[in-house]
Amino acid sequence: MTAIPSIPGFLKEPNGPIGKPVSRVDGRKKVTGDAHYAAEFTLPDLAHGYIVSSAIARGRITRIDASAALALPGVIHVFTHENRPSLAWFDRKWKDDDAPKGSPFRPLYDAEIHHALQPVALVIAESFELARYAARLVHIEYEAAPHQTDLRANRANTFTPGKDKGGFEPPPKPRGNPEQAFLDSPVQVDAEFTQAAEYHNPMEMHATTVLHHDDGTLTVHDKTQGAQNCHTYICNVFGLSKSAVRVMSPFVGGAFGSGLRPQHQLFMAMLAATQLKRSIRVELSRPQMFSFGHRPETIQRVALGAERDGTLRALIHEAVQESSQNENYVEIVVNWSGQQYACDNVRLDYKLTRLDVHTPLDQRAPGAATGVPALEIAMDELAFKLGMDPLELRLKNYAETDPNTGTPFSSKELRACFRQGAERFGWAKRSPAPRSMREGRELIGWGMAAGVWDAMQGQAAAKAVLGVDGKLVVSSATADIGTGTYTVMTQIAADVLGLPIEEVTFCLGDSSLPTAPIEGGSWTVSTVGSAVKAVCDRVRSQLFTLAGKLEDNPLKGVAEADVLFADGHLIVRDDRSRRLSITDVMRGSGTLSIEEEARALPYLLARARHTFATHSAVFVEVRVDEDLGTIRVARVVSAIAAGRIINPKTARSQIQGAVVWGIGMGLEEEAFTDHRLGRVMNHDYAEYHVPVNADVPDIDVLFVEEHDDMVNALGAKGVGEIGIVGVPAAIANAIHHATGVRVRDFPITLDKVLAGLR
Amino acid sequence: MRSFTYARADSAADAVGRAGASGTAFVAGGTNLLDLMKADVARPGGLIDISRLPLDRIEETAGGGLRLGALARNADTAYDERVQTRYPMLSKAILAGASAQLRNMATNGGNLLQRTRCYYFYDTATPCNKREPGSGCGAIGGVNRIHAILGASDQCIAVHPSDLCVALAALDAVVQVRGPDGERSIPFAEFHRLPGDRPEIDTTLRPGDLVTSIDLPAKGFAEHSTYLKIRDRASYAFALVSVAAGLELDGGTVRDARLALGGVAHKPWRDPEAEAALIGKPAAPDSFRAAARVLLRDAKGHEHNSFKIELAERAIVRALSEAADRKGASHP
Ligand SMILES: Cc1cc2nc3c(=O)[nH]c(=O)nc-3n(C[C@H](O)[C@H](O)[C@H](O)COP(=O)(O)OP(=O)(O)OC[C@H]3O[C@@H](n4cnc5c(N)ncnc54)[C@H](O)[C@@H]3O)c2cc1C
Ligand code: SF4
Chain A
1 MTAIPSIPGF LKEPNGPIGK PVSRVDGRKK VTGDAHYAAE FTLPDLAHGY
51 IVSSAIARGR ITRIDASAAL ALPGVIHVFT HENRPSLAWF DRKWKDDDAP
101 KGSPFRPLYD AEIHHALQPV ALVIAESFEL ARYAARLVHI EYEAAPHQTD
151 LRANRANTFT PGKDKGGFEP PPKPRGNPEQ AFLDSPVQVD AEFTQAAEYH
201 NPMEMHATTV LHHDDGTLTV HDKTQGAQNC HTYICNVFGL SKSAVRVMSP
251 FVGGAFGSGL RPQHQLFMAM LAATQLKRSI RVELSRPQMF SFGHRPETIQ
301 RVALGAERDG TLRALIHEAV QESSQNENYV EIVVNWSGQQ YACDNVRLDY
351 KLTRLDVHTP LDQRAPGAAT GVPALEIAMD ELAFKLGMDP LELRLKNYAE
401 TDPNTGTPFS SKELRACFRQ GAERFGWAKR SPAPRSMREG RELIGWGMAA
451 GVWDAMQGQA AAKAVLGVDG KLVVSSATAD IGTGTYTVMT QIAADVLGLP
501 IEEVTFCLGD SSLPTAPIEG GSWTVSTVGS AVKAVCDRVR SQLFTLAGKL
551 EDNPLKGVAE ADVLFADGHL IVRDDRSRRL SITDVMRGSG TLSIEEEARA
601 LPYLLARARH TFATHSAVFV EVRVDEDLGT IRVARVVSAI AAGRIINPKT
651 ARSQIQGAVV WGIGMGLEEE AFTDHRLGRV MNHDYAEYHV PVNADVPDID
701 VLFVEEHDDM VNALGAKGVG EIGIVGVPAA IANAIHHATG VRVRDFPITL
751 DKVLAGLR
Chain R
1 MRSFTYARAD SAADAVGRAG ASGTAFVAGG TNLLDLMKAD VARPGGLIDI
51 SRLPLDRIEE TAGGGLRLGA LARNADTAYD ERVQTRYPML SKAILAGASA
101 QLRNMATNGG NLLQRTRCYY FYDTATPCNK REPGSGCGAI GGVNRIHAIL
151 GASDQCIAVH PSDLCVALAA LDAVVQVRGP DGERSIPFAE FHRLPGDRPE
201 IDTTLRPGDL VTSIDLPAKG FAEHSTYLKI RDRASYAFAL VSVAAGLELD
251 GGTVRDARLA LGGVAHKPWR DPEAEAALIG KPAAPDSFRA AARVLLRDAK
301 GHEHNSFKIE LAERAIVRAL SEAADRKGAS HP
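The listed protein sequences derive, respectively, from chains A and R. The opening position of the first sequence corresponds to residue 1 in the UniProt record's numbering, with each subsequent residue numbered one higher. The opening position of the second sequence corresponds to residue 1 in the UniProt record's numbering, with each subsequent residue numbered one higher.
Don't take each hint at face value.
[Stated by the list, open to error] Here are some chain A residues pointing at chain R (derived, C-beta under 10 Å):
{"id": "1", "residue": "G19"}
{"id": "2", "residue": "A55"}
{"id": "3", "residue": "G59"}
{"id": "4", "residue": "I64"}
{"id": "5", "residue": "L117"}
{"id": "6", "residue": "F672"}
{"id": "7", "residue": "H683"}
{"id": "8", "residue": "A694"}
{"id": "9", "residue": "L754"}
[Unchecked claim] Where chain R lies over chain A, by a calculated footprint (3+ residues, C-beta under 8 Å):
{"id": "10", "region": "341-350"}
{"id": "11", "region": "379-392"}
{"id": "12", "region": "747-753"}
If you're looking for bench data, these hints aren't it; they were derived computationally from the structure. All figures in this text were calculated on a predicted structure; none of them were measured in a lab. Where is the CB? At the ideal position from N, CA and C, for every residue including glycine.
The following block holds chain A by itself, in its conformation from the complex:
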């Protein structure tokens, strides 16, 4: 065991808000329209920008004629690569905290076209409608060059990336002799899986409003998952001093990873605001939401070899993914396969192919959401060949320690997920043979899968100010993309200081606040929550010290560790009649406010010696029409092990939302690219299908008890992504159980099932 700093009294107060289903503290603002999003800010001199998107996928611009657009009264300017000001030269100035290895895309930099829908001009006009109209009149001529957008056609043309992106380690070296072990295995599965490209498509389209103040400073309202990431980016690119710009994103209408990197609307709005010296808004259209990062298309092979009793002998997982010509986007895909099951002979392999596309971008559980389903379908196929219950097979090969590294898990209650999830679902009543359950013309299928995601932690700082009135304001430059950050941070602060929730305000989404990293990877509770706890611990010690200076201090002679903070009071643990209110401490000691700032780091020693992960078991019932192949998910049980759940209400929302997306990944979402044009064709909500209410059944979420002293001072892991990971596989496995048809290509549209029903 690694030494963990002791946690005086923390989380032991009986009635603290941690672990309670507290409603969103920002909920009222959101439903009353009081929460303002990036495109909703304004100043009297606001002008509007509309982006012109490239008509070709690769080549160069040979001529731009904006005269017709400029001739319209009210059109202010048309920016292109020909008239842009001089911008940063070195790649490093264009990098951001989520940039992979390579040379970041630079909007309006030169005449080159690198991908379809690339922004090629920005029209600024007095109204949005006028800007949009004028954008149609900008005449652009191109010289097209041959492009490649087809992963299948280019799958042989690969290279092996290195550690090219933060958070993603290259696959470990092979262990044992996987090829021979596979050949020697009496039972084998060897299959190819594909995953279609998906676009993030949050409800709120990307937008930036730059407010140009009279003193020349700028306030930038941006849709982002990292206000400071964008702040650094624009200061670097435009050569601005840090104090001249402030980036704000207090509310974000969904992002799912699309706001991890500064997107080009930010650049465009900044370009216009700095050049024209006025306030500017640029908002993308829905089709333009298909002009940047996406979950990359993937081709995978999984080969499993097993003994007749189900013991895994060999595991081979290979993946080929697309990246752009300019950057090495990696999400590794295969590593979780080496971690999930005990197996001595393992080979994991990950390759990239360069295509003429915009660089892909992290999307909810990047890598795992693609790779784990392939493994989990292969496990289902193996169970079927073995005549074994799929859940039994997973228990048989349960990894007690991380097979990739040999290190123990800081905690892993996957077994409890299996047991409790199965019980809730009624798994024991499953009849094993495919096509053995039906109701009328509907074939019923029950499928399950396991999921895994990393429990990461970064570094963050937080500031706390406690006023003499007992009100506390805590702040950190993190984001709330609908995940519940405001609420959860408020709970943590209120818990540490024993304050009512209403007395605590948490501020985020502002580049001027204490440093926090981009909000992604399910690490915000861990990272920022730890900083919030650390800073509130300091305020708490301050209060205790100040109390000691009071004349008749009822806590006299009691150690800090023996004092509870609850109901706005400092209370002696063993004699609750001895108490002192926080406001009395403040007033009595003549303190107007207590201000503290603190930084929290991961427990590096513990991190080096353990594997940190969240786990899930997903159980799904599907109904498939035996004649028509139409598929309906009838119910889902998702059992999650993610350490301490700070707020079961917001956590449940995260898992439910992720399950909904898992249904979309499993059955619906797919960007159709016309490879002759190199262009996604179904670039709107009518034809790019995400689940609608009628597709979403009852989703039963349960959190299993999981104690973890090593993950961080909160014992909490984070639940933003784990919920999606197993879902597509559980659906595919349920479809096989219903119909006997095995589909390995996501999304599983009805035609793929129909082909097997013939």
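Put chain R with the ligands on the given structure of chain A with help from the hints.
Just chain R with the ligands now, kept in the frame of chain A:
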């Protein structure tokens, strides 16, 4: 969106009179036209707002049928008690389309004249003969999951996206039109056209024609009918294949039959030979399959939509079986 003029018509005659100027378009609910204008696909120089004309009623006709006003909303039509009881397949078809919000705005006339959802038609950076005659057809050899398997041409393989129209085709509705030269009636089968070498023209309407109503004949197949829609998600998606089916049975034998398909062609697809193949046959899956094969005999698939041929056959068998089994049955 380009600039346009806007005028509100105060009578049908006024609307038709104003439509004389070229480049004008009627706007009713606006749920299709305004989207197309924003996408720069439709570029009318002037809009004539007809939404307040008194053509929004649903009335009895002398022949025992119903007259559906061109400006009656899709939702009001679907929930009209007479429509529900006498033409249940029509009610179901409407409710299978779009969303509640859209159906509240959309009018019956606008539904007839909605344009294809072909991806290329909507994207002005790509070729499309329907949007820009002579530019080529992007969908042929491109992305064509949602495209036609019947009646297409080498110029265009788009489908008409309506659900309502499929039921109207099956019911032998008649479209009443008022044009610059007066009033006329267009049998539903002749209202939409096949693409041929003029895919830019969807219907047989002439410039300035205003649809005033859609007349339903008395016979509504209320006893044995259904509308079956198959799509990529449970709601809010256009049909991959849809079937409007109506049967008149004499014991177990088919006395009269109607069969129309949506999602497969440039117009709701009806085939007299397929219907004839059902008459006098037992109302059983084998006869339904045989009729389906007649209907699909010339079906031709493309890269991504060949599955529709088999799907259509199965859907026809299912829809006719449901119609035969239950009164006004619908797919869950
Ligand atoms: C997201 C989405 C999903 C949809 N899903 C479906 C679906 O599943 N099934 C389905 O059937 N439909 C669907 N629709 C289409 C919808 O039904 C049509 O948009 C609607 O019926 C059009 O009616 P409107 O009154 O709004 O027409 P408008 O948009 O006002 O007009 C459409 C066209 O009709 C012309 N027009 C209108 N009225 C007349 C008239 N009286 N005489 C002559 N010309 C006229 C207009 O000039 C215009 O060209 C969907 C639409 C959307 C946006
Ligand atoms: S199918 Fe018709 S609408 Fe679609 S691209 Fe071809 S011509 Fe245009």
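Practice problem: Of all the hints given earlier, name the ones this structure violates by number, lowest first. | Solution: 1, 3, 4, 10, 11
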